[in-house]
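As they're listed, the protein sequences go chains A and V.
Numbers 1 to 260, taken from this note's numbering, label the letters of the first sequence in order.
Numbers 1 to 260, taken from this note's numbering, label the letters of the second sequence in order.
Think of the hints as simulated: they come from the structure by calculation, not from any bench.
The C-beta atom is built at its ideal place from N, Cα and C for all residues, glycine as well.
Please note: incorrect hints may appear among the correct ones.
Unchecked claim - Not the full set, but computed from the structure, chain A residues with beta-carbon under 10 Å of chain V:
{"hint": "1", "residue": "Ile10"}
{"hint": "2", "residue": "Gly16"}
{"hint": "3", "residue": "Leu42"}
{"hint": "4", "residue": "Phe56"}
{"hint": "5", "residue": "Glu70"}
{"hint": "6", "residue": "Lys78"}
{"hint": "7", "residue": "Ile80"}
{"hint": "8", "residue": "Tyr84"}
{"hint": "9", "residue": "Leu147"}
{"hint": "10", "residue": "Asp150"}
{"hint": "11", "residue": "Ile167"}
{"hint": "12", "residue": "Lys184"}
{"hint": "13", "residue": "Lys210"}
{"hint": "14", "residue": "Lys213"}
{"hint": "15", "residue": "Arg214"}
What the hints assert, rightly or not - Here are the computed distance ranges between Cβ atoms for each label pair:
{"hint": "16", "chain 1": "A", "residue 1": "Leu74", "chain 2": "V", "residue 2": "Asp75", "range": "23 to 33 Å"}
{"hint": "17", "chain 1": "A", "residue 1": "Asp191", "chain 2": "V", "residue 2": "Leu74", "range": "19 to 29 Å"}
{"hint": "18", "chain 1": "V", "residue 1": "Lys139", "chain 2": "A", "residue 2": "Tyr84", "range": "13 to 23 Å"}
{"hint": "19", "chain 1": "V", "residue 1": "Lys193", "chain 2": "A", "residue 2": "Tyr84", "range": "27 to 37 Å"}
{"hint": "20", "chain 1": "V", "residue 1": "Lys50", "chain 2": "A", "residue 2": "Gly246", "range": "32 to 42 Å"}
Number of protein chains: 2
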Amino acid sequence: MEDITKYNIIRIKDRGVLKEEDTVVIEYPFTIFLNDEEIITLLCSPNSLKELTIGFLHSEGLIDSISDIEKIILDKEKGIAYVYSKNTNRLNKKFHGKRTITSGCGKGTVFYNVVDSFNSKKIEDKIDITIKQIMDLIKEFNKSSQLFLDTGGVHSCALCDINKIIIFKEDIGRHNALDKVLGKALLEDIDFKDKIILTSGRISSEILIKVAKRQIPVIVSRSAPTSLSIDIAKELNIILIGFARGKRMNIYSNFPTLKV
Amino acid sequence: MEDITKYNIIRIKDRGVLKEEDTVVIEYPFTIFLNDEEIITLLCSPNSLKELTIGFLHSEGLIDSISDIEKIILDKEKGIAYVYSKNTNRLNKKFHGKRTITSGCGKGTVFYNVVDSFNSKKIEDKIDITIKQIMDLIKEFNKSSQLFLDTGGVHSCALCDINKIIIFKEDIGRHNALDKVLGKALLEDIDFKDKIILTSGRISSEILIKVAKRQIPVIVSRSAPTSLSIDIAKELNIILIGFARGKRMNIYSNFPTLKV
């Protein structure tokens, strides 16, 4: 299975606007069943799935060695691994306790399950924003991160209107930084529908879905988006921008509504 | 609460070796209880904890609005938030189903719970490796990532002996990339005790623990480590190296055993 796919994007480069094809990394929902019990859905690149399955089960202490595994059946079309192991009691011990583990979105069909479960509606009100305004916000965003400058070890996230940053938070995790921003906005009863999210981190489906759930019409990242995040953004009319650095950015979705 | 702390490190710079103090981002285990039920332990930066609690619960659909929340009690010393909400039935619906969520390590005391539960022993056999050998491995590692060059959207991970890369994997997630490498090594029955892990991603406690569980004596990252990962590395005699780029690197732990 391929790890990459192609999307038609608009590339902004030193004020030039180019329609180009861009290579994007595939985000593949992969669900592991152990002795017929669903363990987790990993959002991953669709390579080395057998190795991932074994490595994950071993990391989580669900197998001690290869000899614990009686059989692995990989269904690459559905994105499922069925693993049969001798250590059935481990499973009960680990997974019916309180501890929760790695990020997952249930059952392969991430998009419909998760977005529907969050009742995400399509964005209807078009936001009135220009490339220049986004560049100015990114410039302010890049200046704001003292903690990153001190440690190089954190992600930043900001909620903005078209003119300025309203909320700025930092965290070692990109999900935490976004949740801090969204939590603060909820506390202050801020209307999301004309706002922009800026993030230093990759845009995965889970990040996109958190933004979609609030009906925020624009998300901009310094880093890369995944295929699944672009698909969801297109579906929900969210403007998704990646690799926003200086005077450059890639616009992956919904660009007809964006003023150039 | 501070977001950063200081560690004494050895900084390698253009072949110079300096004993310096380095600023490191704190990794803080923060457990959220909702209506007296433990929901998750987030590994985060210890700022904006009320916002994080509210944003997380809202992102996960456990609250619809601020008005759902009757009370939030923050115990910053213990790293716990006790939230009381009206929507008790949501909790049962969401969390007693199969879907699993964000990375967590149970109950604040990440180090003892998790490392002990993985039976991590201290590294006893000193690995015989030089700075020069690590620089050469990093050089090879940086050349290896075609998928990153194509997309800018993936993490790389490699298992090496002191002379060469043995296993190299890429994934959109740093945890998946590491689990793929470790799974492949398990399949091939490779002895971990004289090996090195290279990763493009941040070294958090969960990454360190996966390496410790296999008794791998050295982990090297292009990016930053967290405070908790350094504490665990020191405790288990693991050599932890961050910001390994070109002829530079920061050695955070166990450096007496490292040949300069």
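The hints, checked one at a time:
At its closest, the beta carbon of Ile10(A) sits 17 Å from a beta carbon of chain V; the interface hint therefore is violated under the 10 Å criterion. Interface hint status for Gly16(A): violated, as the beta-carbon distance to the closest one in chain V is roughly 20 Å, over 10 Å. Interface restraint check for Leu42(A): the shortest CB-CB distance to chain V comes to about 6 Å, inside 10 Å, so the restraint holds. Given the 10 Å rule on beta carbons, the hint for Phe56(A) holds: about 5 Å separates it from the nearest Cβ of chain V.
Residue-level restraint check for Glu70(A) is violated (minimum Cβ-Cβ distance to chain V is 15 Å; threshold 10 Å). Taken as an interface hint, Lys78(A) does not check out: its beta carbon lies about 16 Å from the nearest beta carbon of chain V, beyond 10 Å. Annotation: interface hint on Ile80(A) violated; nearest CB of chain V at approximately 13 Å, more than 10 Å. Look at Tyr84(A): its Cβ only gets to about 16 Å from chain V, farther than 10 Å, so that hint breaks.
The interface hint given for Leu147(A) holds, since its Cβ lies 6 Å from the closest Cβ of chain V, which is under the 10 Å cut-off. Checking Asp150(A) against chain V by beta carbon gives a least distance of about 5 Å; that is within 10 Å, so the hint holds. Because the beta carbon of Ile167(A) sits about 9 Å from the nearest beta carbon in chain V, less than 10 Å, this interface hint is met. Contact between Lys184(A) and chain V, as hinted, is supported at the beta carbon level, the nearest pair being about 4 Å apart and thus within 10 Å.
A hinted interface residue such as Lys210(A) counts as satisfied when its beta carbon comes closer than 10 Å to some beta carbon of chain V; here the least separation is about 5 Å, so the hint holds. Checking Lys213(A) against chain V by beta carbon gives a least distance of about 7 Å; that is within 10 Å, so the hint holds. With a cut of 10 Å, the hint placing Arg214(A) at the interface with chain V holds, because the nearest CB-to-CB distance is about 8 Å. A hinted range of 23 to 33 Å is violated for the C-beta pair Leu74(A) and Asp75(V), which are about 45 Å apart.
Separation of Asp191(A) from Leu74(V) is about 27 Å and conforms to the stated range, judged on CB atoms against 19 to 29 Å. The hinted range of 13 to 23 Å is not satisfied by Lys139(V) and Tyr84(A), whose Cβ atoms lie roughly 42 Å apart. Checked against the given bound of 27 to 37 Å, the beta carbons of Lys193(V) and Tyr84(A), roughly 30 Å apart, stay inside it. Between Lys50(V) and Gly246(A) the beta carbons are some 35 Å apart, a value that agrees with the proposed interval 32 to 42 Å.
Checked against the numbered hints above, the structure violates hints 1, 2, 5, 6, 7, 8, 16 and 18; every other hint is satisfied.
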